[in-house]
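Need the complex rebuilt from these two chains, each delivered in its own frame; the hints are there to steer you.
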Amino acid sequence: DTEVTQTPKHLVMGMTNKKSLKCEQHMGHRAMYWYKQKAKKPPELMFVYSYEKLSINESVPSRFSPECPNSSLLNLHLHALQPEDSALYLCASSLRDIGSRAFFGQGTRLTVV
Amino acid sequence: DQQVKQNSPSLSVQEGRISILNCDYTNSMFDYFLWYKKYPAEGPTFLISISSIKDKNEDGRFTVFLNKSAKHLSLHIVPSQPGDSAVYFCAAKTNNAGNMLTFGGGTRLMVKP
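Note that the protein sequences, when read in sequence, are chains A and B.
The first sequence runs contiguously to residue 113 in this note's numbering.
The second sequence runs contiguously to residue 1113 in this note's numbering.
The shape of chain B in the complex, shown without the other chains (with noise of 0.2 angstroms):
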């Protein structure tokens, strides 16, 4: 049974426009959001993270929501580029579980100039 779900295996958008890639929690233990950048052969690049008592953190053009109660976060970029194209993992934790990540199946972005 996947904890963590990314419904989206990819997502193609304009440059300079929004992107937003979803996320999907089951396990309501999860207190602490990350979400991961990851190309081809290389390791994840932690982008962004957010705690459960928060529903927003904002880093740049990188901001993630936290819906708790629908046991949903988004990640939005603002303005999308070419270099932005990469596979994004939405990873979840809980406190009591020796910081181990739980990983969604990771959406591929295509930002297209």
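Bound conformation, chain A alone (with noise of 0.2 angstroms):
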């Protein structure tokens, strides 16, 4: 199992929602990542989870907050979100070692209204 399984797909979420973002992986991966990706644009890290422990916070608003309940599955919680937080929410995960790649998910779609 290669693979890095998002849900859902799209999300339409009103600026008075919340909502949450899942990701999950069952390749023993021990770092997980949340990047954001706007149209045209490359993906911009948000967090970074190292053994389920927040490592890096890349000065994300509040209203994003990031959740690794075990070593397989990463949430993002979203409230009070902006329109111009609408954009292509990705997951990846990485073995905790030198060189790994990245496997990321197909992406969850958000758009806020």
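None of these hints come from the bench; they were simulated from the model.
The beta carbon of each residue, even a glycine, is placed where N, CA and C say it ideally should be.
It is possible that part of the hints are untrue.
[Claimed, not checked] If the Cβ cut is set under 10 angstroms, some of the chain B residues that face chain A in the computed set are:
| id | residue |
| --- | --- |
| 1 | Lys1038 |
| 2 | Val1078 |
| 3 | Pro1082 |
| 4 | Phe1103 |
[Stated by the list, open to error] Among chain A residues calculated to face chain B with C-beta under 7 angstroms, some are:
| id | residue |
| --- | --- |
| 5 | Lys38 |
| 6 | Phe104 |
| 7 | Gly105 |
| 8 | Gly107 |
| 9 | Thr111 |
This is the structure we're talking about:
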């Protein structure tokens, strides 16, 4: 199993809603990531979890709240988002060793209305 | 300041010919480089990688060349196929940065039949 699975694939939410994005991998990877990608731009790192602990938070607004309940799951809780937060949200995972590559999920296309 | 740059936003190549995608970086601490291929609304798919201790890595039709002194790497696709049409991202990482990837801006490759 070399997959990173993200749900849902598409999400439309209002600015007052609370929703969650989910990511799952069963490759035994101990580093998991959230990236945000706007149209025609490269993916931008948001958060890194290493061994279920948040190791990097790239100055992301608090309306995005990550959670890593166990080594296979990564969530991104969303609350009071703005229309400019609409983007493709990508989850990735990698082994925690030198030179390991990141496997990406298919992404969640988020639209904030 | 963009640490990884792909100066060509697009490239058009005839089927069967060679595609050469270029990437430049500024951070001399980068020690591992990866190329990802991305279709619209999907997550990036890993193609090939290279460690900073090597200058070439080959996998089938894909070859990555690294010139450390010039802080430059390139991806060669030979022969190019219409199915190779996608956006290609160069990414780099340092071993001491929590395994996080820094992406270039991407190059859209179009392979014409």
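**Prompt:** Does the CB of Phe1103 of chain B sit less than 10 angstroms away from some CB of chain A?
**Reply:** holds (4 angstroms)
**Message:** Does Gly107 of chain A hold up as a contact with chain B if the rule is Cβ-Cβ below 7 angstroms?
**Reply:** Holds, because the Cβ-Cβ distance from Gly107 of chain A to chain B comes to roughly 5 angstroms (cut-off 7 angstroms).
**Prompt:** Holds or violated: is the Cβ of Val1078 of chain B closer than 10 angstroms to a Cβ in chain A?
**Reply:** Because about 22 angstroms separates Val1078 of chain B from the closest Cβ in chain A, which is outside the 10 angstroms limit, the hint is violated.
**Message:** Take the shortest C-beta to C-beta distance between Lys1038 of chain B and chain A; is it under 10 angstroms?
**Reply:** Hint holds; Lys1038 of chain B Cβ to chain A Cβ min 9 angstroms, cut 10 angstroms.
**Request:** Classify the hint on Gly105 of chain A as holds or violated, based on whether any CB of chain B lies nearer than 7 angstroms to its CB.
**Result:** With a closest approach of 5 angstroms, the Gly105 of chain A hint holds.
**Prompt:** Would the stated hint for Pro1082 of chain B survive a check requiring a Cβ distance to chain A of less than 10 angstroms?
**Reply:** Hint on Pro1082 of chain B: violated, closest Cβ of chain A at ~22 angstroms, above 10 angstroms.
**Request:** Classify the hint on Lys38 of chain A as holds or violated, based on whether any CB of chain B lies nearer than 7 angstroms to its CB.
**Result:** Not OK, violated: Lys38 of chain A not within 7 angstroms of chain B, min 12 angstroms.
**Request:** Against chain B, run the beta carbon of Thr111 of chain A and see if the smallest gap drops under 7 angstroms.
**Result:** Because about 12 angstroms separates Thr111 of chain A from the closest Cβ in chain B, which is outside the 7 angstroms limit, the hint is violated.
**Asked** Does Phe104 of chain A pass the interface check with chain B, least Cβ-Cβ distance below 7 angstroms?
**Response** Holds, about 4 angstroms.
The structure fails to meet hints 2, 3, 5 and 9 from the earlier list, while all remaining hints are met.
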